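Okay, here's what each chain looks like letter by letter:
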Amino acid sequence: MAYFAEKNFFEDLELIELTQRVFAGDLTLNWYNSPTEKVACTPRDAVRGLTYEDCNVGTYGYGGLPEFVRNNYSMAARGSEIVPGLPDLGYTINRKSDVWSENVAALYEEAKTRRWTPAVDIDWSALKAAPLPADLEAAVSQLCTSLEEISLVMMELPSRWVSAINQEFLELKSYLCAQMIDEARHVEIFRKRALAGGTGLKRASASAEQALKEILFAETYPEASLACNVMLASLILGVFQQSAAISAVDAKIFRLCMQDTARELAYGVGHIRYHLQHQPQRAEYLHDYLDRTEHTFLGIAASPELLEPLIVLAGKGTSKAALADGSQRVRKFLQHTVDAYLERLSAIGLDRRTRSRLPKFVATNAP
Amino acid sequence: MSYLSTIDFFEDKDFIDKYQYTLRTGELDLSWMNAATEKVQCEPQNARRGLTFRDCDVGSYGFTDMPELIRQNRSFAPRGAEIPAGVPDLQAEVNRKSEVWAYNIEGYYEEAMSRQWNATTDVPWEELRKYELPEAIGKAYSQLLTFLTEVEMIATDVPAKWMGRLNADFFEVKNFIATQAMDEARHAEVFRKRALTTGWGLMRASKANECNLKFLRDADSFAEASLTLHLQAEGMVLTLFRFSELISPTEVDKKMFRLVMQDEARHVGYGMQHLKWVLDHFPERREIIHRHLDEAENFVFGGGYATEVLEPFIILSGKGMKKENIEQGLKITAQFNLKQIDEYFERLDKCGLPERRERSKLALAMEMTRAVIAAQ
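Same order as they appear, the protein sequences are chains W and A.
Using my numbering, the first residue of the first sequence is number 1, and each one after it goes up by one.
Using my numbering, the first residue of the second sequence is number 1, and each one after it goes up by one.
Errors might be hidden in some of the hints.
Quick list of in silico lysine-lysine cross-link-like pairs, DSBU-like style, CA-CA up to 30 angstroms [claimed, not checked]:
{"hint": "1", "chain 1": "W", "residue 1": "K332", "chain 2": "A", "residue 2": "K13"}
{"hint": "2", "chain 1": "A", "residue 1": "K207", "chain 2": "A", "residue 2": "K361"}
{"hint": "3", "chain 1": "W", "residue 1": "K38", "chain 2": "A", "residue 2": "K207"}
{"hint": "4", "chain 1": "W", "residue 1": "K360", "chain 2": "A", "residue 2": "K13"}
{"hint": "5", "chain 1": "W", "residue 1": "K360", "chain 2": "W", "residue 2": "K320"}
Computed footprint of chain W on chain A; a stretch qualifies when at least three of its residues, placed anywhere within it, have a C-beta under 8 angstroms from a C-beta of chain W [to be verified]:
{"hint": "6", "region": "4-17"}
{"hint": "7", "region": "167-177"}
{"hint": "8", "region": "213-227"}
Here are the in silico distance ranges between beta carbons for each label pair [as the list claims (entries may be wrong)]:
{"hint": "9", "chain 1": "A", "residue 1": "R258", "chain 2": "W", "residue 2": "F68", "range": "37 to 45 angstroms"}
{"hint": "10", "chain 1": "W", "residue 1": "R255", "chain 2": "A", "residue 2": "L364", "range": "55 to 63 angstroms"}
{"hint": "11", "chain 1": "A", "residue 1": "R359", "chain 2": "W", "residue 2": "R48", "range": "47 to 55 angstroms"}
{"hint": "12", "chain 1": "W", "residue 1": "E67", "chain 2": "A", "residue 2": "R129", "range": "35 to 43 angstroms"}
{"hint": "13", "chain 1": "W", "residue 1": "T42", "chain 2": "A", "residue 2": "E245", "range": "22 to 30 angstroms"}
{"hint": "14", "chain 1": "W", "residue 1": "R48", "chain 2": "A", "residue 2": "E245", "range": "20 to 28 angstroms"}
{"hint": "15", "chain 1": "W", "residue 1": "N56", "chain 2": "A", "residue 2": "P283", "range": "48 to 56 angstroms"}
{"hint": "16", "chain 1": "A", "residue 1": "D29", "chain 2": "W", "residue 2": "A262", "range": "30 to 38 angstroms"}
Keep in mind that the hints were calculated from the coordinates and are not lab data.
Computed from a predicted model, the values in this text were never measured in an experiment.
Virtual Cβ for every residue (Gly too), placed ideally from N, Cα, C.
This is chain W alone, in the form it adopts within the complex (with noise of 0.2 angstroms):
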């Protein structure tokens, strides 16, 4: 235990006294006139309901938070009196343009209205009512493998962090869980499609564990959030819909993923535009770290675990002429996914084009 309280309360008088005062009937009512903004929020929207945006209003507005959170360590509401004596919960992260988004609120709105359930929202049995061939399912499945891989460190990622980041940004946090959940789902669709497509897991991936190792172990929040929410994002997004023409079933499960995935990149677009334009000397720092860390990219697009699937399945089969169908396919694919990755952060305000090393490893006339 690292945090006792004050004192052994089995044996305070003084709260003994306290408690057969307030149980005689003699309240203390110290709270009844608790000098705090009074409003009555309606919604705006009735068919939208009650919203975040509709409760953004005076002190306790997200819109009204100061740049720098110095007066609230606790987890008192925010616009709430705060009472001397609030401990201090340990938040490392204070400052809003670390973590804001101008449209996290509206995000978390969305995550919630499209919510889906991969143990009934996909037909089970049409994939053993029309099996892939075997070869296919194969890459299907190791597809799978990878993408499980990979969701447990997005899932991981917001989680880390979650709990370092100051109470007042609470729409921010409540995304994060958003997002905990959204790659909750993915691990457990990407699982429960392997396992029920007659051949199970296949092999993880040593490169991409590596590269996905070096982005959830980031230093700081942008960094992590950079790294995954727009950096990884970009590719599995590109990913999901490359995939999503194998087969009807998995065509729905790449669909909804899509949606889910979208959403936090547009939540890592908005939050580096945000974290520039409050911190533009930081632009320098962010392209120092994707100097050093865009190499990741590669080490996941480009482990055999998942490229050789792809190629697979972008060429359906396994054929000498599939298979260089194939990975023509792929080539472009990475070269188009690159391309957006880097037109997003162009659009952020961090102009990678000329900068960095990935064009050049994925460029359809590279060696």
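Given the structure of chain W, go ahead and fit chain A onto it with the hints provided.
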């Protein structure tokens, strides 16, 4: 926190050459096709429930045959997959199944996924226009909601803090933690939104309760954190929700409490089944559990200082601040306090810790409460 991959992939000539050769020629290694893993075809046992984790509890992929100590996998390799040489150590700190596991963990996870609800749309906020609460009730209710808003997300922060420390072979637990994080975010959201619709807004934070939150946050092990968070604290909050449904001022509020109760009951269920698992599989923990509960109960008793929770409850129970209202409110509140502690001991009984009732100093609180009831 920082890790650099053992390989810089831009600089690894063999890796790059192989990748570029593959893309250029379409000649693949394909050795993964013959990965040494089990061939299975899992199917839903019940079409209506869909394909569940229980349906996937087969052979090397399953959780039933998972060993007590995870010695073979310290990476993110999915359980049952072939683990190649060179996967990194993810630095998991919890590699013993009985430190985290719970009977029916897979069922709690599936239930959580299927019973997600939306605080924005599943509470009929528009109907609140029909109600106008008297000042005393409105303020008392806002104060109760302030307390609930304040405490809910500790149950996000604590499990989330542990998720990354658990071995990836325990992914069902990690997934359950993810659902709990979302559940608690939704609870903080719904109580906050409700407070902001009352006309009074949020009110006063609670020092006594926040110190308790810090205690929950700083437990030494996952088993201790779960014991006090899931079983003790959330168990007591579950009783509070049940009484809050009873005393809440509108039908809208009753619906809100029914929704949060189903989530909370799931968390308490996990906590109980986890403690039961610990006591069944790691009996050496029993004394540590008692020691941790000794301090947890000290905080519970110290909660008497939280008049900002106790008093609104009295006013809401008695439906006002007149003398007769307060008298009625005190009766209901005393019953509630007694019920809260009694249910806590009952839960511990069911988990296999019946001696707690005798050892606990909370008996003192029960005596005081009984005296209040007798005096009334």
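Hint by hint, here is what the structure shows:
1. W:K332 / A:K13: At roughly 22 angstroms apart (the allowed maximum being 30 angstroms), K13 of chain A and K332 of chain W satisfy the hint.
2. A:K207 / A:K361: holds (22 angstroms)
3. W:K38 / A:K207: holds (22 angstroms)
4. W:K360 / A:K13: The hint holds at about 14 angstroms.
5. W:K360 / W:K320: holds (26 angstroms)
6. 4-17: holds (count 10)
7. 167-177: holds (count 5)
8. 213-227: It holds, with 8 qualifying residues against the three required.
9. A:R258 / W:F68: 37 to 45 angstroms: Hint holds: Cβ distance 40 angstroms, inside 37 to 45 angstroms.
10. W:R255 / A:L364: 55 to 63 angstroms: holds (59 angstroms)
11. A:R359 / W:R48: 47 to 55 angstroms: Taking Cβ atoms as reference, R359 of chain A and R48 of chain W lie about 52 angstroms apart, which means the hint holds.
12. W:E67 / A:R129: 35 to 43 angstroms: holds (37 angstroms)
13. W:T42 / A:E245: 22 to 30 angstroms: holds (23 angstroms)
14. W:R48 / A:E245: 20 to 28 angstroms: holds (26 angstroms)
15. W:N56 / A:P283: 48 to 56 angstroms: For N56 of chain W and P283 of chain A the Cβ distance comes to about 52 angstroms; the hint holds.
16. A:D29 / W:A262: 30 to 38 angstroms: Between D29 of chain A and A262 of chain W, where Cβ atoms are some 32 angstroms apart, the hint holds.
When the structure is compared with the earlier hints, no violation turns up for any of them.
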